[in-house]
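My request is simple: use the sequences and hints to build the entire structure.
Protein chains in written order, with the working numbering: chain A, 22 to 498; chain B, 22 to 498.
Treat the hints with care, since some could be wrong.
For identical chains, the list gives no copy identity; a pair is met inside one copy or between any two copies.
[Unchecked claim] No farther apart than 27 Å at their CA atoms in a straight line, the calculated lysine-lysine pairs in the DSSO-like style are these: (1) K333 with K79; (2) K331 with K76; (3) K480 with K424; (4) K142 with K342; (5) K342 with K76; (6) K486 with K437; (7) K354 with K79; (8) K79 with K331; (9) K342 with K145; (10) K79 with K342; (11) K145 with K354; (12) K145 with K26; (13) K142 with K26; (14) K229 with K101; (15) K99 with K142; (16) K142 with K354; (17) K331 with K354.
Derived by calculation from the structure, the hints in this document are not laboratory data.
2 protein chains.
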Amino acid sequence: MAEEKLPTRSENYSEWYNQLIQRAEMADYAPVRGCMVVRPYGWALWENMQQNLDKRFKETGHVNAAFPLLIPKSFLEKEKEHVEGFAPELAIVTIGGGQELEEPLVIRPTSETVIGYMYSKWIKSYRDLPVLINQWANVVRWEMRTRLFLRTLEFYWQEGHTAHATQKEAEEETLRMLDVYADFAEKEAAVPVIRGRKSATERFAGAKETYSIEAMMGDTRALQAGTSHFLGQNFAKAFDIQYLDLNNQLQHVWTTSWGLSTRFVGAIIMAHGDDQGLVLPPRLAPYQVVLIPIYKNDEERSKVMPVVEKLKAELSGFRLKVDDRSEVTPGFKFNDWELRGVPLRIEVGPKDVEKGTFAMARRDIPGRDGKSFVPQVNAARTVGDMLDQIQTGIFQKAVDFRKAHVFDPKSYDELKEVLQGGWAYSWWCGDAACEAKVKEDTKATTRNIPLDQEGGSGKCIVCGKPASEKVYFARAY
Amino acid sequence: MAEEKLPTRSENYSEWYNQLIQRAEMADYAPVRGCMVVRPYGWALWENMQQNLDKRFKETGHVNAAFPLLIPKSFLEKEKEHVEGFAPELAIVTIGGGQELEEPLVIRPTSETVIGYMYSKWIKSYRDLPVLINQWANVVRWEMRTRLFLRTLEFYWQEGHTAHATQKEAEEETLRMLDVYADFAEKEAAVPVIRGRKSATERFAGAKETYSIEAMMGDTRALQAGTSHFLGQNFAKAFDIQYLDLNNQLQHVWTTSWGLSTRFVGAIIMAHGDDQGLVLPPRLAPYQVVLIPIYKNDEERSKVMPVVEKLKAELSGFRLKVDDRSEVTPGFKFNDWELRGVPLRIEVGPKDVEKGTFAMARRDIPGRDGKSFVPQVNAARTVGDMLDQIQTGIFQKAVDFRKAHVFDPKSYDELKEVLQGGWAYSWWCGDAACEAKVKEDTKATTRNIPLDQEGGSGKCIVCGKPASEKVYFARAY
Ligand SMILES: [Zn+2]
Ligand SMILES: [Zn+2]
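Shown next as structure tokens:
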């Protein structure tokens, strides 16, 4: 609860983030190092995200299934790059039912291998393709440095795994799902993102190409908020996923995978949060509206509550919380729900009852400027319009913030300078050595090579060689 | 697919079950012994069950959260009976990130311990109570003999964990959730169940009382389809979950837990399935209706398809599948969807187009008797009514089947006899020795002591001593 002030973002961004999550009861630390408990308020946000994404996956032809948590260790070794990427991060089960296991099992860090194995059993003919399956699951990666939501040993995500007859179809699927993520991020979470291709260095272990959406957080650091991988025939060959084509010839399938995780909750917190706490996007917020009755005594209460009940009924189409706790003051409630980021607060006091009005306070615009007094008639429409305005408002604010912190440095020295407080959007020759030098000098990595480029060519910001694409450099979570 | 006939239930019930699940593409065996892959068709059924249950949990005041998969091994040892029950079934992680762990971690077999630990952090005052949290999760129990859905190393479930200020509230919660399960089972899954108290022998490890719903399968064996546990203060004491009461005195809370798992999918399969395959309850079936166009040539096709499209639009409120595959015959499709248990099949052929009718075939009544020809007008209403009839019909069929196979034996010899092909509903003195003798002699266990008893008293069917309650004995899954 809101007993003490949060640290401000400028004082200590990292402490602001950690304390906010715990005080707003989004998540807590589990007894095992690096694991988290997602508390009901945080999980309600994730459930809204899940439902929205799940609908989008189903609309694009996907179905859900559930693949096992435990994978034979040998499976990971079948794809060379994959095992190199994931071996250091594995949690390994060596004992089951009191016995040492003959073959150790890994807890899935991701499921390409076991799904590849199943697809090789299920896919026989071109008629079986495409296979478009998603699963909502928990995965475990043994990370050394952890942060609630951003990087935890266990996290929750969806992972889509598709198999196609042709390279073209698989490539289209990869980009289709990247677009689904981008649209979700911008329309639902109000988080503007850059869609782009990762450099070879930053690619998923085992992928031919990785695409990502990248978002700017409130401290200007970047966060990779979703990825979509074109896996080529790497896993098809490792797991022998073949089909008989129209000419009765055996062919390897082409596969993709794509994932978005509870890390995205961290993105929402850091993209919109302010020094008072969370600012949640109306389309995903567990509560869109909190209604607070204001009264000093029983007489006032008996005037106010019928209007509260009437408004509650009229606003039943929204996710509404009526906070009628008697043991705390209205001021305490204001702070509490501000901390928890409820987009819109409604107050009803005795004067409102007389005038037939209520007060609305926007979470995204503090103080007087965000407050308005409106008639009780047409409350649902008024509130709906206001929630739309808030949704648009916080998106635009994030777009403006990003715009103010993306730079086009003219020299390598300037690049190093701008990366202290923003992103650089610069020509890059594509050479991993140039990427490594920037990382060495600034801790910034290439985020992605955006799909939307203005074209033309230039000189690599690092080595000066000709470059045909621009890339975003940024320090990242 | 339906290339070969299924074994009949009377030939080999167990093979009927195993083959049906695989052929209907409900689930498949994972590479790790005893683990399963729930395929899209099976998962769609589980998702419908989840949504329905989740709504019921929320209506009774519960919220969802997510607790971690990995639990320090020492946690399980804090509640003596709990560890005795679960120790033999644990999967243990001993290596993380390439290092031997200082303390081994168990993969949760159930979450009372880790949730108890978190509740002890969160609960301070009577104002924090009750805590009513549920989670949808995967758990792992190292079972030796496994069956798809019924008993797998990893399974999916929900586990509710609540904490209360008083014993009475916790007991009420335990029975409230038992009723939620029973209502779900009967109204949604059309599976009649007996609500009752488990014997001490059959109690959950660490519970003061365990209640269950028990269902009869098509081979007359019993299946425990959901459980609700009153945990007393066992876990509150083991994990030091205390609150300050109104008088500022520290008190231990009273807790409950309750769970229903993917095992219930097995119950649906075995309660309703017949020799042609699955028979799914309309309220939960992934597809409620399959629409099959019937035509011999392009001319007929061009007549039939507009009516199919029109019906598809009119029936958009149902979960409808139009099967317009051209590479297989209508007969193949009939068998295929019968195997998959779609409750209602609609056929539209050239004659139907002329007459303004379509044909409906109920999955639960084979052949001519289940077939009717109805006008295309008011299709949605006709189909809705028919689905309701099917839902009621399969429930009644299951009730009748159970009635025909529950016996009231007059002697111990008769008890042994009836248990070969049904359940016995008998007086029992409550002594574990009598229970053990029945198990030894017949493999049947006490299922539960039903909450709804006719009262009175009698003599224990085993030892003849006075008994005040009747119990169900049955062989069980
Ligand atoms: Zn360069
Ligand atoms: Zn007895």
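Against the structure, the hints:
1. K333 with K79: The answer is between: 18 Å across copies meets 27 Å, while 33 Å in one copy does not.
2. K331 with K76: So K331 and K76 pass the 27 Å test across copies only (25 Å; inside, 33 Å).
3. K480 with K424: Answer is within: at 23 Å inside a copy they meet the 27 Å cutoff, but 84 Å across does not.
4. K142 with K342: between (50 Å within a copy, 25 Å between copies)
5. K342 with K76: both (25 Å within a copy, 18 Å between copies)
6. K486 with K437: The answer is within: 18 Å in one copy meets 27 Å, while 89 Å across copies does not.
7. K354 with K79: between (39 Å within a copy, 24 Å between copies)
8. K79 with K331: Cα proximity of K79 and K331: across copies only (23 Å, versus 37 Å in one copy).
9. K342 with K145: The answer is between: 23 Å across copies meets 27 Å, while 53 Å in one copy does not.
10. K79 with K342: between (30 Å within a copy, 14 Å between copies)
11. K145 with K354: The answer is between: 20 Å across copies meets 27 Å, while 61 Å in one copy does not.
12. K145 with K26: Intra 61 Å, inter 21 Å, cutoff 27 Å: inter-copy only.
13. K142 with K26: Answer is between: at 21 Å across copies they meet the 27 Å cutoff, but 57 Å inside does not.
14. K229 with K101: So K229 and K101 pass the 27 Å test inside one copy only (13 Å; across, 52 Å).
15. K99 with K142: Result: close within a single copy only, 17 Å intra versus 44 Å inter.
16. K142 with K354: between (57 Å within a copy, 23 Å between copies)
17. K331 with K354: Intra 21 Å, inter 54 Å, cutoff 27 Å: intra-copy only.
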